[in-house]
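Asks: Sequence:
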Amino acid sequence: MKFIALPAAFALAAANPTKDGYCCVSSFRNDTQWAVPHVFSDFLGRRRAQLFREGCWLLRDGKLFRFCAGRSGQTEVKEWAVEGIRVVAASDGSPCLSLKIKRDRYHLSGRAKYTLRFSSSEKAQKWRELISGHVPIQRKEKRRQMYEVQETLEQQKSKFTKEEELFKSACLPVCLSACLPACLQHANEKLRAAREELNAKNEARRQEFQQYRKGAAQQILAYNNRVAALQRNIEEIEKETASLRQNAEDAIQLSTEQSLCLGRVLTSVDNVYERCLSRNQIMQHNTEIIGGAKKAEAEQRKLSERKAESRSQSPEKTRRSPRSPLLELFEPKEEPEHISAEVSEGKVTDASLKLQVMAAYITDYIAILETTRKDKRRILPKIGEQAMMEDDEDKDQIEWLPAKELKKREKEMLAAQQQNVQRGRERQLARSETASSGQSPSVSKTRISGDQLASAKYSTGS
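So the sequence shown is residues -15 to -1, 1 to 447, counted in mature numbering (1 follows the signal peptide of the UniProt record, and there is no 0).
A portion of the hints provided could be inaccurate.
[To be verified] Taking lysine-lysine and the BS3-like style, the derived pairs with C-alpha atoms no more than 27 Å apart in a straight line are:
1) LYS359 - LYS332
2) LYS361 - LYS392
3) LYS186 - LYS175
4) LYS63 - LYS85
5) LYS392 - LYS359
6) LYS87 - LYS111
Worth flagging that the hints you see were computed from the coordinates, not collected in a lab.
Given the sequences, and given the hints that come with them, work out the whole structure.
Replies: Dropping the structure here:
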């Protein structure tokens, strides 16, 4: 039979079923028609055979309780009033009772029928009498039963205390006298073994501590040496950084001074170049030199673009022939686009081209001076070689002449200037005709006569 857990309110009655006869543990069968779980089977006329189940039936306070194990494993509890229960004994004398219950709220029809099977016919007859003539227990009867239970518990307690005192007074000294030496010896052996074990552990720990202490001291010494070495390295690095910082500041100052000087040089070059262009409008060396440089730069740019396109169109060749890192180290690196905030590479190149133009103008000016000196010697033979030499040695020397001689020289110079201007115009027309015909003589190969240069000089007013 399976164990069924009862509530605490029914534990006392279930513990003593023979005393008050209110509890019965037996098997039962549900013979109810039109029960909720069997509605469809009863309606179709296919009533399935119900089997006996194990359960506990309790009669208490005018109610009948049934406890059994449900399908989910929990205890299933049902209760009915005793007034609506009718008990029918079996006709063949078997230990079975049929309970017909009215006002059953657990079924659709309101009526239920259960068949209880007991272990003997006497128990079945006793349950029949109890259910038929059941009267609820009064409060006094309950109190009397509680007092009886309390008295029995007190008697059992006094009995147990007496037995315990008797055992202590009689058996304890004998047992102690017999077992005390053996117990003391065993305890002494255990204590000695524990002491030896503790001493061995203490010695091992002491040795480990000594070794750890020595190792820690050596490690601390090594760390101190390392810290000192690192401190020296830090001091050296700080000195080196201070010297490098000073060198950097000096280099920056020098570079700023050089950039300022270079800026001044570039501005002076620009000023002189502008003066050359504004004072002389006949000879245009700037178009020839700067234009040629720009054409060469454009050709160089086109050549570099073609090389880049050829490299981009043939990636497989570059993959098959990787470049060595050693070759990359020795290759010339590209110069940065921006040299400084004030001076750039473009300005420097422009200044170099302007200097070339200025050099061409200076060479022409020197040629003009030489031609004018020759013309002066030819026109003024009376002055003499000594005056011309003094003029060559000191150009800014002041010469005092009489008014008649000065007027004569001015007339001669005006006539020479007119002749030179006429010749320069003729030479310029000839040069323009040669340029239109396709011949572009360079500045270095073109030879200008002294008269033409003198006419150009006097025409520009320089």
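Asks: Against each hint, give a clear statement of whether it holds in the structure.
Replies: Consistency of the hints with the structure:
no., hint, in the structure
1, LYS359 - LYS332, "violated (40 Å)"
2, LYS361 - LYS392, "holds (16 Å)"
3, LYS186 - LYS175, "holds (16 Å)"
4, LYS63 - LYS85, "holds (15 Å)"
5, LYS392 - LYS359, "holds (21 Å)"
6, LYS87 - LYS111, "holds (22 Å)"
Hint compliance for this structure: hint 1 is the single one not met.
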